[in-house]
Amino acid sequence: MPSSDHDVTTCDTCGARIRWTTTAAGKALAVDADPDEAGNTAVYRDGAGRLRSRGLSSDRPTLEHAEWRARPHVASCTRPRPRRTTVPRQRAGVRPPHWRWQR
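Residue 1 is where the sequence shown starts when you use my numbering, and the numbers rise one by one after that.
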């Protein structure tokens, strides 16, 4: 369970209370600040005091030690940012044919 609110910030788009965690892959993940029994993410503090998170999977479905269950904020944000779409690149011109010696 989180013991204090010193690492709680607000979401830029919806204003909800969130906490930033680091996943095992080293990526930042925003989770809702308050514990949620329906969440699918386990959050804990490592030895340096940083918030870390891991997904609850079929290999490790239960909470371990001092972990608490949270919901990723992307699942509960009321005004999520639009997804980025990739725009196909425009070709600058025609590719010249492969050069060969003419006999």
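Careful: at least some of the hints might be erroneous.
To be verified - Computed list of lysine to aspartate or glutamate pairs in DMTMM-like fashion (alpha-carbon distance at most 20 Å, straight line):
hint, residue 1, residue 2
1, K27, D7
2, K27, E67
3, K27, D12
4, K27, D46
Said to hold, decoys possible - Here are the in silico distance ranges between beta carbons for each label pair:
hint, residue 1, residue 2, range
5, A25, V87, 26 to 36 Å
6, R60, A28, 36 to 46 Å
7, G93, D12, 36 to 46 Å
8, T85, L56, 47 to 57 Å
9, T86, A38, 30 to 40 Å
10, D46, P82, 45 to 55 Å
11, P96, T10, 23 to 33 Å
12, R95, W20, 38 to 48 Å
13, D7, R83, 54 to 64 Å
14, R84, Y44, 39 to 49 Å
I should point out that these hints are in silico values taken from the structure, not numbers from a laboratory.
Glycine included, C-beta positions come from ideal geometry on N, C-alpha and C.
Verdict for R60, A28 (Cβ pair) under range 36 to 46 Å: violated (21 Å)
Cβ separation of D46 and P82, checked against the hinted range 45 to 55 Å: violated (33 Å)
Consistency of beta-carbon spacing, R83 to D7, with hint 54 to 64 Å: About 27 Å separates the Cβ atoms of D7 and R83, which means 54 to 64 Å is violated.
Pairwise beta carbon distance, R84 to Y44, judged against the given window 39 to 49 Å: Check failed, 31 Å falls outside 39 to 49 Å.
Proposed proximity, D12 with K27 (alpha carbon, max 20 Å): holds (18 Å)
Whether the CB-CB distance between T85 and L56 falls inside 47 to 57 Å: At 30 Å between Cβs, range violated.
D12 and G93 - C-beta distance against the hinted 36 to 46 Å: holds (41 Å)
Holds or violated: K27 to D7, with C-alpha atoms at most 20 Å apart: holds (17 Å)
C-beta pair T86, A38: status relative to the range 30 to 40 Å that was hinted: At 33 Å between Cβs, range holds.
Consistency of beta-carbon spacing, T10 to P96, with hint 23 to 33 Å: Given about 55 Å between the Cβ atoms, the range is violated.
Status of the given 26 to 36 Å range, CB of V87 versus CB of A25: Given a distance of about 27 Å, which is inside 26 to 36 Å, the answer is holds.
Proposed proximity, D46 with K27 (alpha carbon, max 20 Å): At roughly 15 Å apart (the allowed maximum being 20 Å), D46 and K27 satisfy the hint.
Of the numbered hints given earlier, the model fails hints 6, 8, 10, 11, 13 and 14; all others are met.
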